[in-house]
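So the chains spell out like this:
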Amino acid sequence: MKTAIYLALYSCFFSVTALAQTPKETPTFNIIQNQPLEIHYENIEELQSDKLIPNAFSIQLNTSPKPYRIYCQLVCSGAPNEAFAQLISLKQQTNNVETQLSTNPKILYTQQANQNPTIINFNAIIRKQTSWFPTGNYTFSIQFTTIEP
Amino acid sequence: MKKSILTLGLLYSFCAAAQQQITGNISIPTLQSVSVIPINERPVDFSTIQDYSMGKTIPAYCRITVKSNTPWRLSATLNSGGMPNQTNAALEGSVSIQVEGNPNFVPLTNQPKNILYSTNSLITNEYTINLKIDPKLNISAEALLMNISFMISAK
Chain A
1 MKTAIYLALY
11 SCFFSVTALA
21 QTPKETPTFN
31 IIQNQPLEIH
41 YENIEELQSD
51 KLIPNAFSIQ
61 LNTSPKPYRI
71 YCQLVCSGAP
81 NEAFAQLISL
91 KQQTNNVETQ
101 LSTNPKILYT
111 QQANQNPTII
121 NFNAIIRKQT
131 SWFPTGNYTF
141 SIQFTTIEP
Chain B
1 MKKSILTLGL
11 LYSFCAAAQQ
21 QITGNISIPT
31 LQSVSVIPIN
41 ERPVDFSTIQ
51 DYSMGKTIPA
61 YCRITVKSNT
71 PWRLSATLNS
81 GGMPNQTNAA
91 LEGSVSIQVE
101 GNPNFVPLTN
111 QPKNILYSTN
121 SLITNEYTIN
131 LKIDPKLNIS
141 AEALLMNISF
151 MISAK
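Listed in order, the protein sequences are those of chains A and B. So in our numbering, spot 101 of the first sequence is number 101, and the numbers just go up one at a time. So in our numbering, spot 70 of the second sequence is number 70, and the numbers just go up one at a time.
No lab work stands behind these hints, which were simulated from the structure alone. Cβ atoms here follow ideal geometry from the backbone N, Cα and C, with glycine treated the same way. It cannot be assumed that every hint is accurate.
Calculated cross-link-like contacts (lysine-lysine; reagent style DSS-like; alpha-carbon spacing at most 30 Å) [to be verified]:
1) A:128 / B:136
2) B:136 / B:113
3) B:155 / A:51
4) B:155 / B:136
5) B:56 / B:136
6) A:51 / A:128
Covered stretches of chain B, going by a simulated chain A footprint (3 or more residues, C-beta under 8 Å) [said to hold, decoys possible]:
7) 27 to 37
8) 105 to 111
9) 142 to 154
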């Protein structure tokens, strides 16, 4: 009886893994950091105007038979995360579409099905401040994720 | 063991994803500035005995803009013209300033006196300053120069 159950489980296992591996492929992309994302404020007036890092990074997108999305998310330790995330936004150079970062994943770009490989360049913008933000030295990372369509 | 293999197989089939990241750094030190714009700066004449005994008030003498990204305090110091940390003794206690909206005039000396504190978390705040000179017959007939210095510091 036990052997029959194990055999049934094995057959399920192989069929599930086989299904998972056959036609689906995770769309691949590559991030190229063109500029260091290093911001240091020298005076209070700098805090009160946007800081632009032109051509901060590029995304190389590969062709996929199905559309897929690139998500971005800010990860930072030692800062009030969501408030810190709202300081930074990413803007596509070609069409000025802007994405405000968040500590939750947000859609940065959608690659259409069968589209030729593309490179999208992004500017990073550190938004001006009008109210106090905790002083300090903050190291952060921007994570880019894509999931199978 | 067999159950473990099955679980891993299922996890593999549902978690296929690609992830990359870039890193950066933002440094925000304590930053402050104070600027003064004269509005009603002019010589103050004491031409009558009433001027001496009652004193003279110059409303909206200047406007102060305070900028800070942390809690702050603002102090003021009275100096003789062009002579830091020196004050004509006759002016000591005769010159006072009032932040518009505050009820009291603060008498100035050649030592810093706190006149304002941050009361909100805005980076920029502006204040209008009224000036009062009240010599009470202690100043002889002469022309006196004075400077008022404003200094911002973290609270």
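Here is what the structure says about each hint:
1. Between residue 128 (chain A) and residue 136 (chain B), the direct Cα distance comes to roughly 50 Å. Violation of the 30 Å bound is thereby established for this hinted pair.
2. A C-alpha spacing of about 22 Å is found between residue 136 (chain B) and residue 113 (chain B), which places the hinted pair at or below 30 Å, so the restraint holds.
3. For the given pair, residue 155 (chain B) sits about 28 Å from residue 51 (chain A) by alpha-carbon distance, which is consistent with the 30 Å threshold.
4. Distance restraint check for residue 155 (chain B) and residue 136 (chain B): the Cα-Cα separation of roughly 35 Å exceeds the 30 Å cut-off, and the hinted pair is therefore not satisfied.
5. Between residue 56 (chain B) and residue 136 (chain B), the direct Cα distance comes to roughly 11 Å. Compliance with the 30 Å bound is thereby established for this hinted pair.
6. Taken as a hint, the residue 51 (chain A) and residue 128 (chain A) pair is honoured in the structure, with Cα atoms around 7 Å apart against an allowance of 30 Å.
7. Check result for the stretch 27 to 37 of chain B against chain A: holds, 7 residues qualifying (beta carbon to beta carbon below 8 Å, three or more required).
8. Against chain A, the stretch 105 to 111 of chain B contributes 0 residues with a C-beta closer than 8 Å to a partner C-beta. That does not satisfy the three-residue criterion, and the hint is violated.
9. Coverage of the stretch 142 to 154 of chain B by chain A is violated in this model, with 0 residues showing a Cβ closer than 8 Å to a Cβ of that chain against a need of three.
In this structure, the hints that do not hold are numbers 1, 4, 8, 9, in rising order.
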